[in-house]
Amino acid sequence: MPIKEIQIFMKHGRQSVPDLRNAELSSMFRGRPVISPDITAEETAKVAALCPTGAISGGPCSIDLGRCVFCRECQFAVPGRITFTNDYKIAANVPENLIIRAGDDNPVSLDPSGIRKEIRSFFKHALKLRQVSAGGDNSCEMELNAAGNVNFDMGRYGIEFVASPRHADGIVITGPISVNMAEALQITWDAVPAPKIVILAGTDAISGGLFAGSSALDRSFLQKHPVDLYLPGNPVHPLTFINGVLDLIGKR
Amino acid sequence: MKHEKHIELKGQPARVKMDAIPVLHYTVFSLHITELLREPFNHCLNYFVVPFPDKYKFICCIANDETKSILLFSHEHEKVSHISLPSLTRIHFPFHIFEREIHENFGIDFPDHPWLKPLRYPYDRHDKGKSMDSYPFYSMEGEELHEVGVGPVHAGVIEPGHFRFICNGEKVLHLEIQLGYQHRGVETLFVENESSLKNALLAECIAGDTAIGHAVCHAGVMEALAGLPVSEILALERTIALEMERIAMHIGDTAAICTDIAYQFGQVVNEALRTIVINTMQGWCGNRFGKGLVRSGGTWYPLTPALSAEIRKNLQEIRQRYGQITGYIFSMSSVLGRFEATGKVTAKQASLIGAVGMAARSSGLKRDIRWSHPSLAYSRLSFEPVVISRGDVWARAMMRKSEVEQSIELVLHLLDLLDGKDVHPLPVYNTAAEPDAFSISVTEGWRGEICHTAVTDENGKIRHYKIKDPSLHNWMALALAVRGQEISDFPLCNKSFNLSYCGNDL
Ligand code: SF4
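As they're listed, the protein sequences go chains A and B. Numbered according to my numbering, the first sequence spans residues 1 to 252. Numbered according to my numbering, the second sequence spans residues 1001 to 1506.
Bound conformation, chain A alone (with noise of 0.2 Å):
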């Protein structure tokens, strides 16, 4: 190694972060939302009429994570009500575990019976994924890539993105899914060999996000192919990524 790269070396210095099950996000990080127990009815109507994707139902106030785009400007109009902690982990593989009730407190978490055994025996040491942006807008993309990048570095559990299809062992999708990438996602789907998983990685694509109800979407392919991971974020964090991935595949 030249000395000048020697010096850089030394001052990059190790970068990636040591515990990516524990480490710690900026209290400023909008993750898992917490309601307060005392939210009022008039209070859940005012955040309900003004949420942008309809993620806020009453009796009694709920978040639907998997539309939340975690803008927080339900916080902001009922300070003290709801709050959006730092908490990253909010993955879940069964839609109903994506609903935050007011009192609340708990982390998101995955519904063992609903894992299929495959999963785990096949994946559980090295997952390799396809991923397919279907009208993601390159948040989202970019942040998969960070999920393995020198920081995140997810290529120590076994997990990396894969250029072939062939090679994966699922899918990985961003985007609301769009009418013009419905056919291409489903050809990758179908070069994927069995036993494959499907990640819906951000809110765009677990629900169409901000999206929703555009004519510009065709999202039946969710209607054919079960889904084995929600992936809550606008973008999805590389850290909700990441765990929720350890959580699904049984790795501790």
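Just so you know, these hints were derived from the structure itself, not from any lab. Bear in mind that the values here come from a model prediction, so they are computed numbers and not experimental data. Mixed in with the good hints, there may be bad ones.
Unchecked claim - Calculated lysine-lysine pairs in the DSS-like style (CA-CA distance at most 27 Å, straight line):
| # | chain 1 | residue 1 | chain 2 | residue 2 |
| --- | --- | --- | --- | --- |
| 1 | B | K1005 | B | K1171 |
| 2 | B | K1171 | B | K1117 |
| 3 | B | K1366 | B | K1401 |
| 4 | B | K1055 | B | K1171 |
| 5 | A | K46 | B | K1057 |
| 6 | A | K224 | B | K1171 |
| 7 | B | K1171 | B | K1057 |
| 8 | B | K1348 | B | K1068 |
| 9 | B | K1130 | A | K4 |
| 10 | B | K1401 | A | K4 |
| 11 | B | K1057 | B | K1068 |
| 12 | A | K224 | A | K128 |
| 13 | A | K11 | B | K1313 |
| 14 | B | K1010 | B | K1171 |
| 15 | A | K11 | B | K1401 |
| 16 | A | K117 | A | K128 |
| 17 | A | K89 | A | K124 |
| 18 | A | K124 | A | K224 |
What the hints assert, rightly or not - Just a sample of chain B residues kept apart from chain A, beta carbon distances all over 12 Å, derived:
| # | residue |
| --- | --- |
| 19 | D1054 |
| 20 | M1249 |
| 21 | A1262 |
As the list claims (entries may be wrong) - Have a look at the derived ranges for each label pair, beta carbon to beta carbon:
| # | chain 1 | residue 1 | chain 2 | residue 2 | range |
| --- | --- | --- | --- | --- | --- |
| 22 | A | E160 | B | G1169 | 31 to 39 Å |
| 23 | B | Q1316 | A | Q15 | 16 to 24 Å |
| 24 | B | G1169 | A | P2 | 30 to 38 Å |
| 25 | B | S1379 | A | A23 | 36 to 44 Å |
| 26 | B | Y1135 | A | E96 | 36 to 44 Å |
| 27 | B | V1191 | A | P95 | 25 to 33 Å |
| 28 | B | Y1135 | A | S220 | 19 to 27 Å |
| 29 | B | K1366 | A | A126 | 28 to 36 Å |
| 30 | A | S220 | B | H1126 | 19 to 27 Å |
| 31 | A | A49 | B | S1131 | 55 to 63 Å |
| 32 | A | Q15 | B | K1366 | 35 to 43 Å |
| 33 | B | Y1135 | A | V162 | 21 to 29 Å |
| 34 | A | S16 | B | V1191 | 45 to 53 Å |
A virtual CB, placed ideally from N, CA and C, is assigned to each residue, including glycine.
Once you have looked at the hints, place chain B with the ligand on chain A.
Using the frame of chain A, we list chain B with the ligand on its own:
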């Protein structure tokens, strides 16, 4: 009194009444464009059609760099079943992309347009008979030639698009880029959404890697329509945010360019530096891409003295470390061997295709909205854009390096101007907008000029929303850059532009 052929907007974002925009006969309209574009200091910001129940209104927005103004004029055409007009592209090649869009959306014909191909296959396109899988690719006959198709799904984790190469052996003779896979109906959603908050969020997702650029541009359009003032402090904060986005993306691109020349050390060092910048943004507003930061009239996330100190500290560290690694990168002969003379776009080509932003400046064109049509805090800086004339991968990589250094100095200076100011206005939603008005906002995002325009109806509701991402022009630059190159240089050329798919597809 002489009848004016255009209305001149001094300063932007700005709004005018729709009926204040002169309506010209098509012959006069095209002659006026010819006359204006004869001057090298004029270029077309946007040209599009607004449909009304009974007519189509063609609106042309020309930027004049000398007077720092925007010139608006229009043409109206009755809505009849078949409209055929002489193409403006014949005389002004940069119009090719605008006319393709107009043709695709409304079926308006330009018989002498040389390349009237689909642009993005929007769901509400005029001709539903055209579909993604029947794109009319250019082809060449020849025993020695072969075609290579790549995408829409690419090897890496990136957005989809299709590239069709015609090659002679390893050498690329022609590249055609088919886009549209990312089309989400964004412009229609801006009209359909009832809530201005939802539109602010949507603006951040037009191209998520330019969340701040598009959000600032959108806020400008909405504030102009509502007559909302932008306070000095808000202008400073937005300018800082725009430059932070530029720094983050340029460092990320420096890493990605290193990846594509298989220089892993350069890649990882730059990746780690980008992380510092985006984590600083996360500390500011809770999102690494700055989503949530920019809202009409104010912000929920004031730049506090503590945050300013954090930004200063981090940028000073990045200045030192980025300078060190890039100084080294640009001194290695093995790197230079891959950068130099690869993927060249000449100044003439750049100006013919209407290239904007960083791609234009790397080919010797001085085109930068921060300099030519400054708004926010740029108006109080004597900003001079970096211009590099070589037009190759080296120039585009060096552009990243130079602009990161320039932007760091800018942010540090802007933070000084911010010191001691602490009146932070909050966001304002659903304000009444001027009825029957036209509003325009132009922002220099990290890729180049972003232009948003909105037209309101008689109740002040948005009737038409038009977005122009810099990639709309610059994709053609990539197609030209790879001509005569080895096909194996394509990834490097592509990365050196790093264009947006969703920004094009909307
Ligand atoms: S943070 Fe989520 S729940 Fe709250 S308003 Fe935004 S999208 Fe709705």
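How the hints compare with the structure:
1. Taking the CA atoms of K1005/B and K1171/B, the gap is about 48 Å. The hint is violated against a cut of 27 Å.
2. Taking the CA atoms of K1171/B and K1117/B, the gap is near 25 Å; set against the 27 Å cutoff, the hint holds.
3. With a C-alpha separation of about 17 Å, the suggested pair K1366/B and K1401/B falls inside the 27 Å cut-off, and the hint holds.
4. With a CA separation close to 48 Å, the supplied pair K1055/B and K1171/B exceeds the 27 Å bound.
5. For the hint linking K46/A to K1057/B, the alpha-carbon distance of about 40 Å lies beyond 27 Å, and the restraint is violated.
6. This hinted pair does not check out: K224/A and K1171/B have alpha carbons roughly 43 Å apart, beyond 27 Å.
7. Simply put, K1171/B and K1057/B have alpha-carbon atoms about 44 Å apart, too far for the 27 Å limit, and the pair is violated.
8. A hinted pair counts as satisfied when its Cα atoms are at most 27 Å apart, and K1348/B with K1068/B qualifies at roughly 23 Å.
9. For the proposed pair K1130/B and K4/A, the alpha carbon gap of about 56 Å is over 27 Å, so the pair is violated.
10. A C-alpha spacing of about 18 Å is found between K1401/B and K4/A, which places the hinted pair at or below 27 Å, so the restraint holds.
11. Between K1057/B and K1068/B, the direct Cα distance comes to roughly 25 Å. Compliance with the 27 Å bound is thereby established for this hinted pair.
12. For the given pair, K224/A sits about 22 Å from K128/A by alpha-carbon distance, which is consistent with the 27 Å threshold.
13. For a cut-off of 27 Å, the pair hint linking K11/A to K1313/B stands: about 16 Å separates their Cα positions.
14. Distance hint between K1010/B and K1171/B is unfulfilled; the C-alpha atoms sit about 48 Å from each other, more than 27 Å.
15. At most 27 Å may separate the alpha-carbon atoms for a hinted pair to count; K11/A and K1401/B meet this at roughly 19 Å.
16. Using a Cα cut-off of 27 Å, the hinted pair K117/A and K128/A holds, with the two alpha carbons roughly 18 Å apart.
17. Restraint check for K89/A and K124/A: satisfied, since their Cα atoms lie roughly 19 Å apart, inside the 27 Å limit.
18. A C-alpha spacing of about 25 Å is found between K124/A and K224/A, which places the hinted pair at or below 27 Å, so the restraint holds.
19. Every Cβ of chain A is farther than 12 Å from the Cβ of D1054/B; the closest lies at roughly 24 Å, confirming the non-interface assignment.
20. With a minimum CB-CB distance of about 9 Å to chain A, M1249/B fails to clear the 12 Å threshold, and the non-interface call is violated.
21. No beta-carbon of chain A is positioned within 12 Å of the beta-carbon of A1262/B; the least distance is around 15 Å.
22. Between E160/A and G1169/B the beta carbons are some 33 Å apart, a value that agrees with the proposed interval 31 to 39 Å.
23. A hinted range of 16 to 24 Å for the beta carbons of Q1316/B and Q15/A is consistent with their spacing of about 19 Å.
24. Distance hint check for G1169/B and P2/A: the Cβ-Cβ separation is about 36 Å, which falls inside the suggested range of 30 to 38 Å.
25. With their beta carbons about 42 Å apart, S1379/B and A23/A fall inside the hinted range of 36 to 44 Å.
26. Separated by about 42 Å at the C-beta atoms, Y1135/B and E96/A satisfy the suggested range of 36 to 44 Å.
27. About 31 Å separates the C-beta atoms of V1191/B and P95/A, a value consistent with the hinted range of 25 to 33 Å.
28. In this structure the hint that Y1135/B and S220/A lie 19 to 27 Å apart at CB holds, the actual value being about 23 Å.
29. The beta-carbon spacing between K1366/B and A126/A, approximately 52 Å, falls outside the hinted interval of 28 to 36 Å.
30. The hinted window of 19 to 27 Å between S220/A and H1126/B holds, with their beta carbons roughly 25 Å apart.
31. Distance hint for A49/A and S1131/B: a CB-CB separation of about 40 Å, inconsistent with the stated range 55 to 63 Å.
32. Remark: the range hint 35 to 43 Å for Q15/A to K1366/B is upheld by a beta-carbon distance near 38 Å.
33. Against the hinted window of 21 to 29 Å, the Cβ-Cβ separation of Y1135/B and V162/A comes to about 28 Å, which satisfies the hint.
34. For the hinted restraint 45 to 53 Å between S16/A and V1191/B, the CB-CB distance of approximately 46 Å keeps it satisfied.
Of the numbered hints listed earlier, those contradicted by the structure are 1, 4, 5, 6, 7, 9, 14, 20, 29 and 31.
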